[in-house]
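Chemist: Now for the letters of each chain:
2 protein chains.
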Amino acid sequence: MTSPVLHCLRCGRAAAAGGTRFDGCRACAAEGIGVNTMPPLADLGGVDLAAYRGGPWGLPAALPVSGPPVTLGEGNTPVVRLRRDPEHAQEGRPVGELWLKYEGGNPTGSHKDRAMAVGLAAAVAAGADTVVAASSGNAGAAAAAYAARAGLRCVVFTNEAVPTGLRAQIDALGAERVVHRGTTAERNAEMARAVEERGWYPLTSYSSPSPGGNPYANEGYKSVAYELARDFSGRRIDTVVVPTSRADLLAGIGRGFRELTAAGLIAREPRLVAAEPAASAPYTAALRHPDRADQERTRVADGPTVAFSLGEERPCWQGLDALWRSSGTAMAVADDAIMAEYRRLATEGLIVEPSSAVGVAVARELVGGPDALVVAIGTATGMKGLGD
Amino acid sequence: MTSPVLHCLRCGRAAAAGGTRFDGCRACAAEGIGVNTMPPLADLGGVDLAAYRGGPWGLPAALPVSGPPVTLGEGNTPVVRLRRDPEHAQEGRPVGELWLKYEGGNPTGSHKDRAMAVGLAAAVAAGADTVVAASSGNAGAAAAAYAARAGLRCVVFTNEAVPTGLRAQIDALGAERVVHRGTTAERNAEMARAVEERGWYPLTSYSSPSPGGNPYANEGYKSVAYELARDFSGRRIDTVVVPTSRADLLAGIGRGFRELTAAGLIAREPRLVAAEPAASAPYTAALRHPDRADQERTRVADGPTVAFSLGEERPCWQGLDALWRSSGTAMAVADDAIMAEYRRLATEGLIVEPSSAVGVAVARELVGGPDALVVAIGTATGMKGLGD
Numbered sequence: 001m002t003s004p005v006l007h008c009l010r011c012g013r014a015a016a017a018g019g020t021r022f023d024g025c026r027a028c029a030a031e032g033i034g035v036n037t038m039p040p041l042a043d044l045g046g047v048d049l050a051a052y053r054g055g056p057w058g059l060p061a062a063l064p065v066s067g068p069p070v071t072l073g074e075g076n077t078p079v080v081r082l083r084r085d086p087e088h089a090q091e092g093r094p095v096g097e098l099w100l101k102y103e104g105g106n107p108t109g110s111h112k113d114r115a116m117a118v119g120l121a122a123a124v125a126a127g128a129d130t131v132v133a134a135s136s137g138n139a140g141a142a143a144a145a146y147a148a149r150a151g152l153r154c155v156v157f158t159n160e161a162v163p164t165g166l167r168a169q170i171d172a173l174g175a176e177r178v179v180h181r182g183t184t185a186e187r188n189a190e191m192a193r194a195v196e197e198r199g200w201y202p203l204t205s206y207s208s209p210s211p212g213g214n215p216y217a218n219e220g221y222k223s224v225a226y227e228l229a230r231d232f233s234g235r236r237i238d239t240v241v242v243p244t245s246r247a248d249l250l251a252g253i254g255r256g257f258r259e260l261t262a263a264g265l266i267a268r269e270p271r272l273v274a275a276e277p278a279a280s281a282p283y284t285a286a287l288r289h290p291d292r293a294d295q296e297r298t299r300v301a302d303g304p305t306v307a308f309s310l311g312e313e314r315p316c317w318q319g320l321d322a323l324w325r326s327s328g329t330a331m332a333v334a335d336d337a338i339m340a341e342y343r344r345l346a347t348e349g350l351i352v353e354p355s356s357a358v359g360v361a362v363a364r365e366l367v368g369g370p371d372a373l374v375v376a377i378g379t380a381t382g383m384k385g386l387g388d
Numbered sequence: 001m002t003s004p005v006l007h008c009l010r011c012g013r014a015a016a017a018g019g020t021r022f023d024g025c026r027a028c029a030a031e032g033i034g035v036n037t038m039p040p041l042a043d044l045g046g047v048d049l050a051a052y053r054g055g056p057w058g059l060p061a062a063l064p065v066s067g068p069p070v071t072l073g074e075g076n077t078p079v080v081r082l083r084r085d086p087e088h089a090q091e092g093r094p095v096g097e098l099w100l101k102y103e104g105g106n107p108t109g110s111h112k113d114r115a116m117a118v119g120l121a122a123a124v125a126a127g128a129d130t131v132v133a134a135s136s137g138n139a140g141a142a143a144a145a146y147a148a149r150a151g152l153r154c155v156v157f158t159n160e161a162v163p164t165g166l167r168a169q170i171d172a173l174g175a176e177r178v179v180h181r182g183t184t185a186e187r188n189a190e191m192a193r194a195v196e197e198r199g200w201y202p203l204t205s206y207s208s209p210s211p212g213g214n215p216y217a218n219e220g221y222k223s224v225a226y227e228l229a230r231d232f233s234g235r236r237i238d239t240v241v242v243p244t245s246r247a248d249l250l251a252g253i254g255r256g257f258r259e260l261t262a263a264g265l266i267a268r269e270p271r272l273v274a275a276e277p278a279a280s281a282p283y284t285a286a287l288r289h290p291d292r293a294d295q296e297r298t299r300v301a302d303g304p305t306v307a308f309s310l311g312e313e314r315p316c317w318q319g320l321d322a323l324w325r326s327s328g329t330a331m332a333v334a335d336d337a338i339m340a341e342y343r344r345l346a347t348e349g350l351i352v353e354p355s356s357a358v359g360v361a362v363a364r365e366l367v368g369g370p371d372a373l374v375v376a377i378g379t380a381t382g383m384k385g386l387g388d
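For the protein sequence lines, the chains are U and A, in the order given.
Residue numbers for the first sequence follow full-length UniProt numbering, beginning at 1 and rising by one.
Residue numbers for the second sequence follow full-length UniProt numbering, beginning at 1 and rising by one.
Hints listed in this document are in silico derivations from the structure and should not be mistaken for laboratory results.
Glycine included, each C-beta is placed from N, C-alpha and C at the ideal position.
Worth double-checking, as some hints may not be accurate.
Said to hold, decoys possible - To give a feel for the contact side, a few chain A residues facing chain U, derived at Cβ under 10 Å:
{"#": "1", "residue": "Cys11"}
{"#": "2", "residue": "Thr71"}
{"#": "3", "residue": "Asn76"}
Said to hold, decoys possible - Anything over 10 Å on all C-beta distances counts as not near chain A; from chain U, calculated:
{"#": "4", "residue": "Pro4"}
{"#": "5", "residue": "Leu72"}
{"#": "6", "residue": "Pro78"}
{"#": "7", "residue": "Tyr102"}
{"#": "8", "residue": "Gly105"}
{"#": "9", "residue": "Tyr146"}
{"#": "10", "residue": "Arg149"}
{"#": "11", "residue": "Gly165"}
{"#": "12", "residue": "Ala168"}
{"#": "13", "residue": "Ala194"}
{"#": "14", "residue": "Asp335"}
{"#": "15", "residue": "Ala337"}
{"#": "16", "residue": "Met339"}
{"#": "17", "residue": "Glu348"}
{"#": "18", "residue": "Pro370"}
{"#": "19", "residue": "Lys384"}
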């Protein structure tokens, strides 16, 4: 396999070619900014979206991996129209359409499957025998499943906060689960040693400030944009709301929409909105600064939240870039509002993870305004946590 | 809404028109045979399968419901090719392709969503305000979700064997869960009273011998056949293996393939195989009788099994009919083999309910023989049970 050269999205420096260390741009990290090194955008010219079957492997030419696919049937998740907000309707205000893209329909129950499918194909192509992920839950489960599928050994570093169902899922899939009781920095250091000394292939971030996840894996998220463009064919999506932590999903969706626009497959990119729990909201804090130099260097306290999948002290640069490019914004939601939205979605028949409710809560605000069509990404099923 | 007249599949007698009691053919029941009354098959002439978007509502004209859809994005589940059996390969025997259609990707995590989507649309069209289901798990969760989606009240009769995760799911979706401690006959009688006296709309069977589930709802299962025909376009599927209890899914898939064949959309119907846990295997027992009259009247002990979603004393007639029409068969799997297959699927990255492993275990036997392409239906995710 010939890997494309990775370049820093911010400063343009090339990463070491052909390596399997993915710790982002070290030059920008020295400035206190976490940013990923990525392959070039794909050229979607000539693609027929109506014939696109969904998922990362529905458009393999858009992926930076030339080896055989690793797949469990990820992607092609449903978009469900949510009920309109009766309060807004009563007030006679214009009310747009609110849709949920339900990523809980993926094989292991979260959007992470899109990334891990591609990440494991990249690991196989790189000749890895062991993959490693640091995760509080869904990414670990997805890494475990796709490693099993690919026949590779998988080690997952978790902490003690992982919900029972997720822990059991990782174990059932045969991954080695290491419960790390130290700080994030200590966990990162241990993972870095495993990558450096043992040659384990990293599927998630392990440096600080975090540059975001494995660049190859992250390209799997572009398929969310492709599917939305296909499913809303001919209609303009005003806004896509993405629950955001390290912005792997947000940045991936942004890249997908840029590829679609460049190829003329959609007229213009939707506005992207990062949705965060108020307890841990670096993007919301960053965008309060007028100056981008300050935005890039924002640091907040990362407090506990019911949206346990989310939480980060600093914005990953490519997340900010996705918001800047699309004239987007970031909005934070308090824990009580997150749980109110969780319960409200249950009254519509949907059990999502609280992190998904963060996105819907933000999206509900937006459809009360001028936005005619808003899609919230529901990142994960809530079924895993129900036994707790 | 004009409901189509329902006819007994076995004797052809018409059911009472326009009613909302669905207790099968009473004349056949008097002979000791449980059989459903169903609408006519749909005419799929002129359908372009390549453009079919999946799920029951992807072909609304094939459904006996003319009201607005009730949907959470059900259907369009992935088909995943499983690894070939190394033992068979080593022996130099021909080894076919084994695929899993993973119904755990549905919104509530099981194939039941296909039925409940249509069943709730039928309930709304019938003017119901309350729906009722008797279920040990997945059907109850699906009924609860789609009732919530439709804005109808939902009552679920369960027993004490329901796993924690499923129980929590039903509760979180706002259904009223009634834990019934009596016999199945007593539970049926209570549900029949609710249907008769309170006008609750029944989504599952409540008479004995069981005729199978709500006829309108069951038509949702035809979409499994449509999706398989689309996804294996141009290739012949030799056999479809279906985990079977009351045969709602088996019979629905059979009806779908018959419609496809009649419209010339596939060359011939695949052979259907009912997969059962050995502890509760009425179809396997029935097909040991040479005479169909004896097959119809088979009764077996319904013992406990790890495949908790399965289990029935008697075959529902339409299940036998599906096997007869497709020159199919039934095969039983012991609990230790079910759990071995469950673990084996986990090593491929898939966590399914033990009931789904029943189908795959049977399918593995078949791909060692002359069958070139076998699809096993994986009926439900195993994620719900992991917290137990």
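Chemist: Kindly indicate which numbered hints from before are broken by the structure, ordering the numbers from low to high.
Modeler: 1, 5, 6, 7, 8, 9, 10, 11, 12, 17, 19
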